[in-house]
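Undergrad: Here's the letter readout for the chains.
There are 2 protein chains.
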Amino acid sequence: SRVSHLNKSIAEIEAALQLLLKLKVDYKGATGQDYQAGSPPAENMDESGNRSIADGADDDTVDPWNVSTTSAKGVDYDKLIVRFGSSKIDKELVDRIEKVLGQKPHRFLRRGIFFSHRDMHQVLDAYEKQKAFYLYTGRGPSSEAMHMGHLIPFIFTKWLQDVFDIPLVIQMTDDEKYLWKDLTLEQCHHYAVENAKDIIACGFDINKTFIFSDLDYMGSSPEFYRNVVKIQKHVTFNQVKGIFGFTESDCIGKISFPAIQAAPSFSNSFPQIFGGKQDVQCLIPCAIDQDPYFRMTRDVAPRIGYPKPALLHSTFFPALQGAQTKMSASDANSSIFLTDTPKQIKNKVNKHAFSGGKDTVEEHRQHGGDPDVDVSFMYLTFFLEDDEQLEKIKQDYRSGALLTGELKKILIDTLQPMISEHQERRTQVTDEMVQQFMTPRPLNFRY
Amino acid sequence: SRVSHLNKSIAEIEAALQLLLKLKVDYKGATGQDYQAGSPPAENMDESGNRSIADGADDDTVDPWNVSTTSAKGVDYDKLIVRFGSSKIDKELVDRIEKVLGQKPHRFLRRGIFFSHRDMHQVLDAYEKQKAFYLYTGRGPSSEAMHMGHLIPFIFTKWLQDVFDIPLVIQMTDDEKYLWKDLTLEQCHHYAVENAKDIIACGFDINKTFIFSDLDYMGSSPEFYRNVVKIQKHVTFNQVKGIFGFTESDCIGKISFPAIQAAPSFSNSFPQIFGGKQDVQCLIPCAIDQDPYFRMTRDVAPRIGYPKPALLHSTFFPALQGAQTKMSASDANSSIFLTDTPKQIKNKVNKHAFSGGKDTVEEHRQHGGDPDVDVSFMYLTFFLEDDEQLEKIKQDYRSGALLTGELKKILIDTLQPMISEHQERRTQVTDEMVQQFMTPRPLNFRY
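Protein sequences appear in the order of chains C and F.
Going by the UniProt record's numbering, the first sequence opens with residue 1, and the numbers climb by one from there.
Going by the UniProt record's numbering, the second sequence opens with residue 1, and the numbers climb by one from there.
Source of the hints: derived by calculation from the structure; they are not laboratory data.
Among the hints, a few may not be true.
For identical chains, the list gives no copy identity; a pair is met inside one copy or between any two copies.
What the hints assert, rightly or not - With a straight-line cut-off of 30 Å between C-alpha atoms, the simulated DSBU-like cross-links for lysine-lysine are:
#1 K358 <-> K348
#2 K277 <-> K181
#3 K351 <-> K241
#4 K181 <-> K241
Please read these numbers as outputs of a predicted model, since none were measured by experiment.
Could you build the full structure based on these sequences and the hints that come with them?
TA: Written out as structure tokens, the structure is:
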């Protein structure tokens, strides 16, 4: 079977070559330049805003306010890596993380749910030399209703905090929500505090985590505002127009907001945690749609004397109706909410989860289903811990041995206890705990 | 002499008619509408930015960063009133202020140095009904070197504070200077504190005055930031482009800054002073070049549920070289600095103060000088308290009885003790006093 092994290798090489050629074409389409190995597209954003992510009419749309694709498999993430100029989280990186940590990487890494990064090798280099870094993630609190998709970055960030034993700052952009939505300041701030309870319920270490509302923290930290102004001095309207698609009719609050999401990337925004140090490296786990903010941040950082933040990007959590869109907090049937009862979960999955199965049991048994477009299977890739069980489900579904109803049952059995346990942990989050998490204060961590 | 009196009145009426006709023409030129008594131009700024103050190529240029005119008499302030849509401080208003206060109005009011206003009658109405109001003024601290022109709003504001017995907030826009100039945050903040000492030396009541650096106060007051965000939500890029002439190449800090200068116009930006009240009327004494900020503020105010600030506008303090330009802190010979010695004052006035006199004593005696373009005389209108003495100097200079050297001597004798006394008061301003003035705290005032 050395021959079959060789044939398989040749087939893999050919497939890889096809992908490479396709990527080169996409690269030229997105950047206007021929691809050259070892020269990634410049991160510098010039005044013409040619790093716009909104260009390319037939591409997926991915920006902080819109995510859409016409493919049932979801956004083409390989294309996105080329377009955004980030790096793929490949097997080499996942293996290295395993080696550095001495433990199995999180399933989100094993399964390509966190699929893209910037400078993660540099973070690991520093970690190996026992140099400090910290985590930064966030949430835009536009309603009390958080769904499971909102938890992805927090579940992963909690794991990072545990395995690396490092401090974490979580920004609640209540000011952003006020600027973008038809909400009052009071509503946005209220949602920030309510959402913080769900975030705390993910199990963050109170001694290593600072959660802040922009509306509160901007007015509590002259150092934070100083960094905001520094960033605002080094980004033009043309740049934010290119990056975010802002227009001249947008309010000046939206136009200047990106600096506020950028500022927590710099450690001296938190003197109570880092004692004024301005060179502690930041690692940002987030969904890929937030990358435009941090491309901008990385462009500005060296010009104001700060290190660039590193990033880990996740794919989107699909809506029940299919991977064409992100879940929407405003459509109750598009997602499983953190407040859903076991019965609601069961009904939503059975009624709304898009199926990759065939129309009849007979057809399904004969031809098998398509796990690549099946939302129940996608959800299991996010939440079922056991790799072998997941692989068996995939094969059985594809072969037709596993029916859609059976697949949905496995998902329901996975989600119901997960959500119930979250709800149980949330009831244990007291107002005093929230206040402590949200109070600027020193954190405990080594170095 | 009833006839000569009548002739004089007719001449005055004719002159006024001529001015009125000229103003109507200017009005149409500036607004595109025929003038109608009782309907001032709308303050609303639409998306086309048609309230731009930069339009009209042959007009004087007056905005927060540029003031220039081709006339040796200085900017045409009557035209500016029409263009900005403000109201003239006429004899009726000055008389009313005198009546309300029961004392002589400040020489800046008597002599038209504060020449324009918005809603001052409304402020007086409220004052007569014992309703509260407060004062707000400010300074952009771009260097340690303050000149006499910088003191004009503070001298007048101190008088207003004394006669009305009301609280005062003074904004040091160190963030603005960082955004506009090639300075570090530390430099701008340092200048804010140094300039505060000169401001305190004007004699403000420590129990009724709060001086703040934006870089400090933004990070100390969630309420201030909340108002900034509220304003930023209600002003578009198109509007600030129209009002301030910003372009797409400007940094997002400049574009959003006007909200920060607007926010102190609303009393709930200072909960420590007004206990959360959001309807205390604000009165802003400032040079006319700052009006664009407050036109914007007055446009936004009703849309976010706050009262519009009232304004009192001053003319510009002329440079020694003549009234064509504002004094410049970067040209040591263009102005009298607050640090100048008596000898420097004498030399600067004798050497650089533009003279309206004739070339030779003989000519001067015969034809007289022109006080309207004579900088020494202009300075005396700012600083010589005695109205009769000033009038006599004017007549004597015009007639030729007073020579340029003699006029300059009077000015030198007026300025030298004024500046020395200021320097003396400044040495008495301790760091503790500065810190107290700059600490957010309750202020003492009636109501």
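Undergrad: Which of the numbered hints are not met once you compare them with the structure shown?
TA: 3
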